[in-house]
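Engineer: In case you want the letters, here they are:
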Amino acid sequence: MSNENITKEEIATIFPKVAETMADALGCDKEKVKLDASLIGDLGAESIDFLDIIFRLERAFKVKIPRGKIVEEARGQLSESEFEKGGVVTDAGVARLKSFLSEVPPERFKTPLKSAEIPKLFTTETFCKMVIRQQRATAADGGAKPA
Amino acid sequence: MNEPKIIDSGLSGGIAIVTGGSRGIGRAIVEILAASGMEVIFTFRDNSAAANEVIAANPGKKISAEQVDARDSAACAAFAEKIIDRTEKIDLLVNNAGVIRDNLLAMLDDDDIKAVLDTNVTGTFNMTRAVAPYMISKRRGKIVNISSVSGEKGGRGQTNYAASKGAINALTKALAVELAPRGITVNAVAPGVIETEMSRTVRELAGDQIQSRILLKRIGKPEDIANAVWFLSSKFADYITGEILHVDGGFKME
Numbered sequence: 000m001s002n003e004n005i006t007k008e009e010i011a012t013i014f015p016k017v018a019e020t021m022a023d024a025l026g027c028d029k030e031k032v033k034l035d036a037s038l039i040g041d042l043g044a045e046s047i048d049f050l051d052i053i054f055r056l057e058r059a060f061k062v063k064i065p066r067g068k069i070v071e072e073a074r075g076q077l078s079e080s081e082f083e084k085g086g087v088v089t090d091a092g093v094a095r096l097k098s099f100l101s102e103v104p105p106e107r108f109k110t111p112l113k114s115a116e117i118p119k120l121f122t123t124e125t126f127c128k129m130v131i132r133q134q135r136a137t138a139a140d141g142g143a144k145p146a
Numbered sequence: 000m001n002e003p004k005i006i007d008s009g010l011s012g013g014i015a016i017v018t019g020g021s022r023g024i025g026r027a028i029v030e031i032l033a034a035s036g037m038e039v040i041f042t043f044r045d046n047s048a049a050a051n052e053v054i055a056a057n058p059g060k061k062i063s064a065e066q067v068d069a070r071d072s073a074a075c076a077a078f079a080e081k082i083i084d085r086t087e088k089i090d091l092l093v094n095n096a097g098v099i100r101d102n103l104l105a106m107l108d109d110d111d112i113k114a115v116l117d118t119n120v121t122g123t124f125n126m127t128r129a130v131a132p133y134m135i136s137k138r139r140g141k142i143v144n145i146s147s148v149s150g151e152k153g154g155r156g157q158t159n160y161a162a163s164k165g166a167i168n169a170l171t172k173a174l175a176v177e178l179a180p181r182g183i184t185v186n187a188v189a190p191g192v193i194e195t196e197m198s199r200t201v202r203e204l205a206g207d208q209i210q211s212r213i214l215l216k217r218i219g220k221p222e223d224i225a226n227a228v229w230f231l232s233s234k235f236a237d238y239i240t241g242e243i244l245h246v247d248g249g250f251k252m253e
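If you're matching them up, the sequences are chains R and W in order. Just so you know, we're using numbering that gives the first Met the number 0 here: the first sequence kicks off at 0 and counts up by one. Just so you know, we're using numbering that gives the first Met the number 0 here: the second sequence kicks off at 0 and counts up by one.
No wet-lab data here; the hints were simulated from the structure. Accuracy of the hints is not assured; some may be wrong.
What the hints assert, rightly or not - Think about it this way: if two alpha-carbon atoms lie no more than 27 Å apart in a straight line, the pair counts; the simulated DSS-like pairs of lysine-lysine are:
| id | chain 1 | residue 1 | chain 2 | residue 2 |
| --- | --- | --- | --- | --- |
| 1 | W | Lys220 | R | Lys61 |
| 2 | W | Lys137 | R | Lys33 |
| 3 | W | Lys137 | R | Lys68 |
| 4 | W | Lys88 | R | Lys63 |
| 5 | W | Lys137 | R | Lys63 |
| 6 | W | Lys81 | R | Lys16 |
| 7 | R | Lys31 | R | Lys119 |
| 8 | R | Lys33 | R | Lys68 |
| 9 | R | Lys61 | W | Lys81 |
| 10 | W | Lys81 | R | Lys68 |
| 11 | R | Lys68 | W | Lys172 |
| 12 | R | Lys31 | W | Lys137 |
| 13 | R | Lys61 | W | Lys88 |
| 14 | R | Lys61 | R | Lys29 |
| 15 | W | Lys220 | W | Lys60 |
| 16 | W | Lys88 | R | Lys16 |
| 17 | W | Lys137 | R | Lys119 |
Sequences and hints are given; from them, build the entire structure.
Structural biologist: Shown next as structure tokens:
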């Protein structure tokens with residue numbers, strides 16, 4: 000589950016297809032979908048677009064991405080109360096997010112960071128990593144099945 | 000039922016899912032949509048004989064049936080995915096599957112409450128969650144939920160059923176807000192007392208009393224409901240969303 004194990008080469012391999020999928024979902028030019036583009040800030044995505052993007056990525060890459068689990072996954076080992084208090088992400092939570100979303104430039108992390116604003120941090124690369132994690136999980140599941 | 004001869008409803012060539020389509024109102028909905036040129040895939044829970052009868056009674060129509068329990072979210076997801084893999088689109092979802100377990104509140108047992116809420120409410124959630132992402136992706140689609148007059152005007156012995164249909168009304172309105180940005184309409188049809196197997200006990204118990212409360216002085220037919228569903232599914236209702244269309248002969252007005 001550690002981000003560090005996802006290589007730039009792996010991301011580069013799937014990026015064109017991810018960019019194309021996102022462009023289709025958002026109705027924008029593929030060229031506009033840069034790897035570091037913020038989905039909400041740069042590409043004008045709304046919350047319902049995330050559902051559409053995830054759905055399209057699932058079909059494009061034949062993986063299952065758990066719906067509504069993105070933030071939960073970002074939280075990692077931290078409990079809900081360790082991660083956020085009163086709708087604001089704790090210091091420990093921000094540290095965890097900065098590690099999990101290592102592709103997001105540090106200056107984009109506002110202080111204080113509201114939990115509801117976490118999706119604003121997501122970039123194209125965030126979704127590339129999400130797909131890679133699920134591809135690995137699918138491969139691991141497949142390997143675990145009896146022949 | 001005479002085959003409708005309405006031209007260009009915008010339905011021809013579309014793909015429709017109707018839950019609980021083997022009997023009563025569901026069957027009438029399946030038949031009118033298929034008669035309008037849609038391919039209709041309907042679900043049934045356990046009565047395969049009734050499901051086969053619908054198909055046999057409509058030769059030449061694109062109707063197929065699949066055993067899916069709407070209470071099972073994984074089964075709903077797999078069902079929708081299977082259709083998409085073949086057709087690449089779902090134009091219409093009619094959430095019709097429902098059960099009734101009428102009794103006075105104090106007499107209801109746990110299962111009477113759970114069965115009604117699970118099928119009528121959770122079942123609608125499950126199938127809608129399974130289908131909506133495909134519609135969102137296509138930026139088009141229509142969802143029609145079958146509610147009931149009980150959703151607004153519940154009668155004695157109908158707390159569980161009335162609560163479930165009230166939930167359907169609320170779901171319809173909230174989902175309409177959520178899906179409007181993607182051009183998807185969400186409406187409901189609220190039948191009054193309709194001549195079906197499901198409402199037989201209610202009708203028998205109430206007798207003439209019910210009829211006297213219906214302004215049009217007759218019990219509704221499944222086709223009366225199917226006609227309203229057809230309208231809300233057609234291009235003629237493109238500008239209608241978040242509505243509960245009462246088809247009850249004026250029952251709720253008294």
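Engineer: List, from low to high, the hint numbers that the structure doesn't satisfy.
Structural biologist: 1
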